[in-house]
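Colleague: The chain contents come next:
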Amino acid sequence: MGKLALKERILMNIEKPARYIGNEVNIVKKDTDDIDIRFAICFPDVYEIGMSYLGIQILYDFFNRRDDTYCERVYSPWPDLDAIMRKEDIPLFSLETQTPISDFDWLGITIQYEMCYTNILQVLELSRIPIWAKDRKKGDTLVIGGGPCTVNPEPLADFFDMFYIGEGETSYNELLDLYKVYKISDMTKEEFLRKAANIPGIYVPSLYDTAYKEDGTVLSVTPIYNDVPKVIKWQAVMDFDNVPYPMKPVVPYIRATQDRVTLEIMRGCIRGCRFCQAGMIYRPTRQKNVEMLKKYARTMLDNTGYEEISLSSLSSSDYEKLDELLNYLIELRDNDHVNVSLPSLRIDAFSLDVMSKVQDIKKSSLTFAAEAGTQRLRDVINKGITEENILQGSHDAFIGGWDKVKLYFMMGLPTETDEDLLGIAELAEKISEVYFDAVPKEKRNGRVMINASSSYFVPKPFTPFQWAPMIKPEEYTRRAYFVKDAFARQRNKKSLKFQYHDAEITVLEGILARGDRRLGKVIYDVYKKGAIFDAWTEFFDMERYNEAFADNGIDIDFYLTRQREDDEIFPWDHIDVGVSKRFLLAEWKNAREGKVTPNCRMKCSGCGAAVYGGGVCFEAKN
Amino acid sequence: MEEVSVLKLRIKYEKTGVLRFIGHLDIMRLFQKAIRRAKLDVSYTKGFSPHQIISFAAPMPLGMTSEGEYFDGEFNSVTSSEDMMKRLSDTLPEGIKVHDIVMLDEKAKPSMAVVTASDYYIYKNEECENDNLELLSGIIDEVLNKPALEIVKKTKTKEEMSDIKPLIYELKPFKDGIYMLLASGSKDNLKPELVIEALCNEAKLPYNRYDYMIHRIETYMGERDSLKPLSCDGERF
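Residue numbers (this note's numbering), protein chains in the order written: chain G, 1 to 622; chain V, 1001 to 1237.
Since the hints were derived computationally from the structure, they do not count as laboratory data.
Be aware that one or more of the hints could be misleading.
[Claimed, not checked] Subject to a maximum C-alpha distance of 25 Å in a straight line, what follows is the list of computed DSS-like cross-link-like pairs (lysine-lysine): (1) V:K1086 with G:K248; (2) G:K294 with V:K1033; (3) G:K295 with V:K1033; (4) G:K7 with V:K1124; (5) G:K248 with V:K1033; (6) G:K29 with V:K1086; (7) V:K1228 with G:K295; (8) G:K357 with G:K443; (9) V:K1191 with V:K1172; (10) V:K1097 with G:K30; (11) V:K1107 with V:K1154; (12) G:K406 with G:K493; (13) G:K248 with V:K1154; (14) V:K1124 with V:K1107; (15) G:K363 with V:K1046; (16) V:K1154 with G:K357; (17) V:K1008 with V:K1146; (18) G:K29 with V:K1097; (19) V:K1097 with G:K248; (20) V:K1172 with V:K1228; (21) V:K1191 with G:K7; (22) V:K1165 with V:K1153; (23) G:K357 with V:K1008; (24) V:K1124 with G:K3; (25) V:K1191 with V:K1107; (26) V:K1124 with V:K1204; (27) G:K294 with V:K1039; (28) G:K595 with G:K581; (29) V:K1097 with V:K1124; (30) G:K362 with V:K1046; (31) V:K1187 with G:K29; (32) G:K3 with V:K1008.
Keep in mind the model is a prediction, meaning the values are calculated, not measured.
Bound conformation, chain G alone:
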């Protein structure tokens, strides 16, 4: 065990020093003298959040399978340590070997949500890596971004040398092989970047020019050289059964947000909810072999010592061998004291039966992602759940002994009216009435609780709603009060609760999600005003952003509330995720007409993801 980067005096004066000492169970140790490529992988948020994220564990394992590469982890220092590092001029370091990040060949940053953008600049600055990509020379750490936000990486374009668009398991080997040649040869950085740009999925933003129209929208995004591809294709793993999966994930000492074995069973989603970005960009849906998953579950539990396992996918109920897998997990539970934590499953007889076996019914609650209050609006968003599904599921659950229900909604969905909002309260009321009908007085055990919560809808790139305006925060707040009032008028109001998300943070998410390169300077200015950990309400300050928008002449409504024309060129149009713009536009039209689109297993709607040549698109043909 080497020396720690931080002194005793510092570690003993900060919250949770275990965030910074590494040495966890299952970390990879390598002799750095035998290594050609040192790769630091970063989740730009606090350790406990970052350690919960499966993607980092997958890539950590993936990179470290290469003998020539040593991948180490780094997370955002919490504000207490951030202040000390700035004051005492301490460089940010990796956990495994406690090496300054600027000594690494690569810094790979996963970009999971817009609210971490200022933390990315924090990590760069504390690492003493030039913040702007243009200021980095050959020999400086290369900065590459990945993760779902890279489908529109434009607001961050000037900070990254390159982005990896798509699932990491496909093109990284090619990129690292190229890097090795670059490192030891006299290849210039520019030559390297141009070669890298020709690797599938690699987007080098400095090799593209963005031109704008007079009205501020994008005129074109074009490569500045002929040998640079016009379009960057999202990478999807198609040999999903044989792709590496970490059998020995790193086990943190302190409790992470997701502190358990995570078993990825499926990527992609067949449902096609029109608000859901993940549901579009991770197409086509691919499933893992159930026998293999059983083996993985056993091995990972043995290698980590975790007492809990959970499944990961966008919609576990659509995994075709779910019964078999869950029965196996229940066996593990009974024989080996393994807690099984279930993702939100579609509520039906089967899932209720499973849940009753693995959960304490009295303590757990039932979850319905209804998303909208009326069937009309659920059709608009293509959310394939009906009021009847919800009421029947609740009825069965109440009979089975549950008495807590959680409902998730969004407010501000396209075409939403006060009637739809009223529907939120009415649906909650109907569920409570089902309880009183289904459960006789003598069997009632305390009070039934229906907890409804709503978020503020954000239109995202690569969804049919990418053309839609986001409602103004004042309007969102009005709707929230309107719904709150409606709840107060319900007969069983004492059994109902309604909560809603903060408007300001969501506004910012909305601006950045569909932003362009002109927002880079705003992010920089806000960071320089002291913004970090914007995802944490205790640190978020909208005022800083408002000042920076004003200083840079940015009109918030241009990004937020403007309805985009059908033929508008978006800042992310040079990224190709498989699902075509033509399909998305047709879905945008279907949405406004309230027409539902069947899921991928019922009928192929020709979204474009079949170009990947596998997954659900070809299930019926196998």
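Since the structure of chain G is provided, determine the placement of chain V on it from the hints.
Modeller: Only chain V this time, still in chain G's reference frame:
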């Protein structure tokens, strides 16, 4: 119902190096996972979220190292001390080692209830640039000759002057630092930091916790004149 007999074991371990920054609760969680990785046949509670039946002797504050830590556990079946020690040690991270595993009598009291004393070695933190520890060593005899050693003891609710001398069983210069044997446990408890602070007060030196490294050598049970390590409560098997 069939009476299920369980086997009570006491496990002695060391916690050194960077593991000093892992708090007590996280060390418990670390051992729960290690026991599973080592596939030891520990007993579980019943119910929806079963947990291992293990309990720790004396929680140790962050920053301190030790070679005399203990926890007790109930097991359904065991192999041998040596085999179980090896299996557990093999799966533990650097900085934690198992030193001993003994079987307790069925009626043995839990370790946390029997602790009466602990001894410590105080040495200089390598980051520390002053010679205060030497100065403190130099005044030990003088301090021990005084009738009392008073210091402000803080509890959750109040601060009061307290004579800690009766709780100091032994105090002497040792190697380049100080050795101290102090009352410990649920009845009387004296933290080693407080002794250092009291010595600093006597020597009119500022007290800075991070100048000193504190290492627990052993945790004891029994009366003051017949102290024995917690592991002596059972037998190797």
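Colleague: Please go over all the hints and tell whether each is borne out by the structure.
Modeller: To see whether the hints hold, each was checked on the structure:
no.: 1; hint: V:K1086 with G:K248; verdict: 21 Å, holds
no.: 2; hint: G:K294 with V:K1033; verdict: 20 Å, holds
no.: 3; hint: G:K295 with V:K1033; verdict: 19 Å, holds
no.: 4; hint: G:K7 with V:K1124; verdict: 14 Å, holds
no.: 5; hint: G:K248 with V:K1033; verdict: 13 Å, holds
no.: 6; hint: G:K29 with V:K1086; verdict: 22 Å, holds
no.: 7; hint: V:K1228 with G:K295; verdict: 47 Å, violated
no.: 8; hint: G:K357 with G:K443; verdict: 21 Å, holds
no.: 9; hint: V:K1191 with V:K1172; verdict: 16 Å, holds
no.: 10; hint: V:K1097 with G:K30; verdict: 22 Å, holds
no.: 11; hint: V:K1107 with V:K1154; verdict: 36 Å, violated
no.: 12; hint: G:K406 with G:K493; verdict: 15 Å, holds
no.: 13; hint: G:K248 with V:K1154; verdict: 45 Å, violated
no.: 14; hint: V:K1124 with V:K1107; verdict: 42 Å, violated
no.: 15; hint: G:K363 with V:K1046; verdict: 16 Å, holds
no.: 16; hint: V:K1154 with G:K357; verdict: 48 Å, violated
no.: 17; hint: V:K1008 with V:K1146; verdict: 45 Å, violated
no.: 18; hint: G:K29 with V:K1097; verdict: 19 Å, holds
no.: 19; hint: V:K1097 with G:K248; verdict: 21 Å, holds
no.: 20; hint: V:K1172 with V:K1228; verdict: 20 Å, holds
no.: 21; hint: V:K1191 with G:K7; verdict: 23 Å, holds
no.: 22; hint: V:K1165 with V:K1153; verdict: 13 Å, holds
no.: 23; hint: G:K357 with V:K1008; verdict: 31 Å, violated
no.: 24; hint: V:K1124 with G:K3; verdict: 17 Å, holds
no.: 25; hint: V:K1191 with V:K1107; verdict: 30 Å, violated
no.: 26; hint: V:K1124 with V:K1204; verdict: 18 Å, holds
no.: 27; hint: G:K294 with V:K1039; verdict: 19 Å, holds
no.: 28; hint: G:K595 with G:K581; verdict: 18 Å, holds
no.: 29; hint: V:K1097 with V:K1124; verdict: 24 Å, holds
no.: 30; hint: G:K362 with V:K1046; verdict: 16 Å, holds
no.: 31; hint: V:K1187 with G:K29; verdict: 45 Å, violated
no.: 32; hint: G:K3 with V:K1008; verdict: 38 Å, violated
Hints 7, 11, 13, 14, 16, 17, 23, 25, 31, 32 from the earlier list are contradicted by this structure; the remaining hints agree with it.
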